[in-house]
Every structure is written in C-alpha cells, then in structure tokens.
Amino acid sequence: MANFTTAKTKAAAPAQPASLMPVIAPAVGWLIPGAGHIIQKRWIRGALLLVSIGTLFVLGLMMQGHIYKANGGDILEMLGFVGDLGAGGLYIVSLATGWGSAVVSNAVADYGKIFMIVAGLLNFIAVADAYHIAIGKKQ
Amino acid sequence: MTVQLTHFSAAFVFALFASVVFGITHREATRDMILYGLKCFAMFLGGALLAGWAMWLVRR
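Protein sequences, first through last, are from chains C and G.
Be aware that the first sequence starts at 3, since it is given in this note's numbering, and climbs by one per residue.
Be aware that the second sequence starts at 759, since it is given in this note's numbering, and climbs by one per residue.
In isolation and in its complexed conformation, chain C is listed as follows (with noise of 0.2 Å):
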C-alpha cells in the first residue's frame, strides 16, 4: 500500500521546469562580482558584494599592487594568478589596460597586492553562494 501510494505521488507531481540559473548566476557573479545575486532578486546582498569585493580590488590597484598573470612561473606566482582571476571582470579590465604591471616597491604596494588576491578569492565564495541560491540550497 505504501509502495503504491508513494508511486502515485511521483507520477502525480508536476515535471520541475528547466532552468538556467545554475549555469547563469554563477558565470554572470564571476564576471561581475555580485551580479549573480542582483539577477535572481537578491539586490542589496548583491550590491553589497559589488561594493565589498570590488572596492577591495580598486584599492589593491591605487595601492600599485602587481597583477600576476598566466605564465606558467613557479607556484606561488600561479596561485597569484588564481586568485585574482576570480576577480572576473575586474581582473580583464585591468589585464587589459596594464593597470597593476608595477613592481612592488614597498609595503603598501604588497598590500595592495595581497588585497587584489583576496577581491578574487571572496568573489570565487560569492559565486558559490549565487549557485547555492539558484539551485534552491539557499535563500
């Protein structure tokens, strides 16, 4: 009786409707940090990591903090580059006008390159966070 029930119950429940958003969120918050909130109507989590995560990149880069790029150099200059490849479009944007090709000279400028590196890495955590929220995980 209880198999029997349990079958109807499945056949009877409607068929989930296809969506994108998992794909979407995700592509669109790495691109622009915080858009993947903003898209799926979490507006002021959205502009918050808008403002958080790129004030933090903005201020690496007047810090003339370095941007590491893809050349394949020892470990450490590649995970450099994976985090501040998380900043999305922040990072093209500075790759491709040379902002942040300075050496770094002093304190404040290893600072500022360490900030970028962060700005990355939370927005690879923002980016979680817009999945989790189009797959229904969070609200």
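Where hints are given, some of them may not hold.
Stated by the list, open to error - Once the Cα atoms are required to be at most 30 Å apart in a straight line, the calculated DSS-like pairs of lysine-lysine come out as: (1) Lys139(C) to Lys71(C); (2) Lys797(G) to Lys140(C); (3) Lys140(C) to Lys43(C); (4) Lys139(C) to Lys797(G); (5) Lys43(C) to Lys797(G).
To be verified - Negatives, chain C to chain G, calculated, CB over 10 Å: (6) Gly75; (7) Glu79; (8) Ala98.
Source of the hints: derived by calculation from the structure; they are not laboratory data.
Just so it is clear, CB atoms sit at the ideal spot from N, CA and C, and this is done for glycine as well.
Fit chain G to the given chain C structure using the hints.
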C-alpha cells in the same frame, strides 16, 4: 592616483570588506548574517592586534 594606507587602516579595510562577504555567503537569515559579519570583523581585527603585540613582545 595612489593610496597610502597605514598598517592598521589596511587591516581595518581588509577586515571590513572580507567580513561583509563572509556574513552574506556563510549564513541564511539576515540577522545571522549581520552577527556573523560582526564576529568575523572582530576576529580579523582582534587577531591582527594580538599578532602585532605578540611580535612586539618577541622582539624585546
């Protein structure tokens, strides 16, 4: 245009923005987000101050 931050102001800015992202991404409810963000901020800044004083003691 360049910005010159002191050690403490750099730590403050870092703690502020990292805490905002941690709060939003690691908790579900709004109240929990705020509390977790404040906790992270205090831990970041408190940890930096403690580490600073520890290094001062080691140096002496």
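Hints versus structure:
no., hint, verdict
1, Lys139(C) to Lys71(C), "violated, 35 Å"
2, Lys797(G) to Lys140(C), "holds, 21 Å"
3, Lys140(C) to Lys43(C), "holds, 13 Å"
4, Lys139(C) to Lys797(G), "holds, 24 Å"
5, Lys43(C) to Lys797(G), "holds, 27 Å"
6, Gly75, "holds, 26 Å"
7, Glu79, "holds, 22 Å"
8, Ala98, "holds, 19 Å"
This entry does not satisfy hint 1, going by the numbered hints stated previously; all others are met.
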